[in-house]
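**Student:** For reference, the chains in residue letters:
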Amino acid sequence: MSGGEGHALLVDRGNLKKRRRVNRLIEVSSTLAALLAVVVLLIVVGSVALKGIGALSLHFLTTPTALFDEAGGGISNAIVGSAVMVGLAALMAIPTGLLIAVYTTEFAPARIAHAVRFVLDILNGVPTIITGIFIYGLIVEPQHHQSAFAASVALAIIMLPIVARTAQEVLGLVPGTLKEAAHALGIARWRATVRITVPTAAGGLITGSLLAVARVAGETAPLILLSAIFAQGVGVDPSQALASIPIFIFQASESPSPEAHTQAWAAALVLIAFVLVLNVLARAIFARSRRRMGV
Amino acid sequence: MEAGALSTPVLRARRNLKDRIGDPLLLGLSGLAAAVAVVTIGGIVYETIHLAGPAISKFGIGFVATNDWNPVTNRFGAAPFLYGTVVTSAIALLLAAPLSIAISIYLTELAPRRLRRPVATLVDMLAAIPSVILGLWGILVLGPFMHGTVEPAMKSVLGFLPIFAGEPSAFGYLTAALILTIMITPIITSVTREVFETVPGDLKQGSYALGATRWEMVRQVVLPYSRAGIVGGAILGLGRAIGEAIAVAQVIGGATGIDVSLFHTGGTLAAQIAAQFQNSAGLQKASLAYLGVILLAFAVIVNIIARLIVQRGSLRDRNVTLTEAEAL
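If you read the protein sequences in the order shown, they are chains A and B.
This note's numbering puts the first residue of the first sequence at 140, with every later residue one more than the last.
This note's numbering puts the first residue of the second sequence at 192, with every later residue one more than the last.
Pulled out of the complex, with its shape left as it was, chain A reads as follows:
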């Protein structure tokens, strides 16, 4: 095809067979590429499900981790710790992210809105281990000990750009006619934002928040620096380091013992189920709210 860059296709050069063969080859390999991606997903999720389901039991979910990989331990402390850290992170990041989106879509001049968007994109590109180093220097080092609170601040920083960027997109989808109608009625700006714009976009805002929660629920890198050395048993005090599901999986995966590996698979199954369910839920809510907004 090197000679006929696109402009001589109408001329029959007797190479139709070759062109068809090349076309077929590309079609088949593109289909195989898509198939490969789906197969890899199935293999990974399948491995986790098959190897994890055996060790998964009510006992496993409701018993704290045993000392030294002993059989019989569970992940109740890790579940509680993860819930505390992710919950605190969500409490910090979701309101802040929504406010940032409100600022850029409702108040800020175009240039500042653009700059804030740029900062959020850069923040989103910061490796999460670096966020961990930042919070280590900011909170852990001055306090001389790790804490779940430090970890949740790091998770909140990771969530922030996800929440804010999706919220910006969604608020941008709210029909301008609605806002104009509100202004025409003389409704104050804050009231129009709180009562009209945000509720109209609620579905999409919830979607972005759920995706952000799903993302940080499995986040491991900052937790290694911020909440990896913790006491035995179930704890809920954020001023102390707490166990978490990602750290449990990480530590068990590094262990040579097969029992620990089985436990890691079971914990991975719990985490992956949580993350995938949140993802599916988020997509369903978004699809529904898009239909309702008529976009």
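Since the hints were derived computationally from the structure, they do not count as laboratory data.
Don't take every hint at face value.
[Said to hold, decoys possible] Rough simulated footprint, nothing fancy, chain A against chain B, three-plus residues with beta-carbon under 8 Å:
| hint | region |
| --- | --- |
| 1 | 222-234 |
| 2 | 326-332 |
| 3 | 373-382 |
| 4 | 434-442 |
| 5 | 464-473 |
Treat the numbers as computed from the prediction; the structure is a model and nothing was measured.
Glycine included, each C-beta is placed from N, C-alpha and C at the ideal position.
Based on these hints, arrange chain B on the given structure of chain A.
**Tutor:** Here is chain B on its own, set in the frame of chain A:
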């Protein structure tokens, strides 16, 4: 604010206290939130450099080229980890970029309409798998498979090349690169698929009308039209690969030297920090933070380039369609 100019004194008098406080309050709160994001990015840069201070003043810029990581002699350098980061990310990008383009071609041009959304969703789900789980899978499933099957096969065919010459092993650059490929393929795909979808249908129809096969249409219309998006998406994926700490730390083996064989163990900037930061002190901790400074610089630069390319591309495309529209 504009409303103030319009409203008569009568209307203003009827605005209640809540409304007079509400507007500036929401503006203040939301502006403050935006300021938090800006301050955070500044804080990240400052704090990382601050923690790296002792190592920066001891080793200077030569740190980057020093091929040594020795806590006993207190000599540290970034070269092995820079090498590992570049090698694993480059392999991941070389594999993931063509894969992502092929998947996007399938999703936008080939797949039956009913299949498009479900398959696209499944590919997106791949990005949702937590990296620690991919790492676990890498240790217990992919690693042994690489050790027992893939690497011996590669060695018997390509073993004359030094990069494929070493002893096969479960952990190493190649296993890490494959895990990264799995992580970034859905990221690149989501960008390329989106730009492929914006290619105007009439351009495609025109190409078909001239007798192009589907691939010729893709090569002559879709790919040139989407070039900026493809490059931008690929660089975004690269940024993600450079910064991944956990999955790589789990499968790369944690060696602190440079090894030419891709089968052998090594380290990356991010993985080295994840592996050692918690149990280090003094100059070693500062050196790890120094690795973090290099990693942060890498990640920020790569991200800025990607955003600029995507932005310029979409602006340029808009201009092109405008001039085309005017010509008609």
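**Student:** All hints, please: hold or fail.
**Tutor:** Going through the hints against the structure:
With 10 residues having a beta carbon nearer than 8 Å to a beta carbon of chain A, the region 222-234 of chain B meets the requirement of three or more and the stated coverage holds. Beta-carbon proximity to chain A at under 8 Å applies to 6 residues in the region 326-332 of chain B; the threshold of 3 is reached and the given coverage holds. Note: the region 373-382 of chain B has 4 residues with beta-carbon separation from chain A under 8 Å; the three-residue rule is met and the coverage holds. Three residues within the 8 Å Cβ limit are the bar, and the region 434-442 of chain B against chain A gives 5, so the coverage statement holds.
Counting residues of the region 464-473 of chain B whose C-beta lies closer than 8 Å to any C-beta of chain A gives 4; at least three are required, and the coverage claim holds.
Of the numbered hints given earlier, the model fails none.
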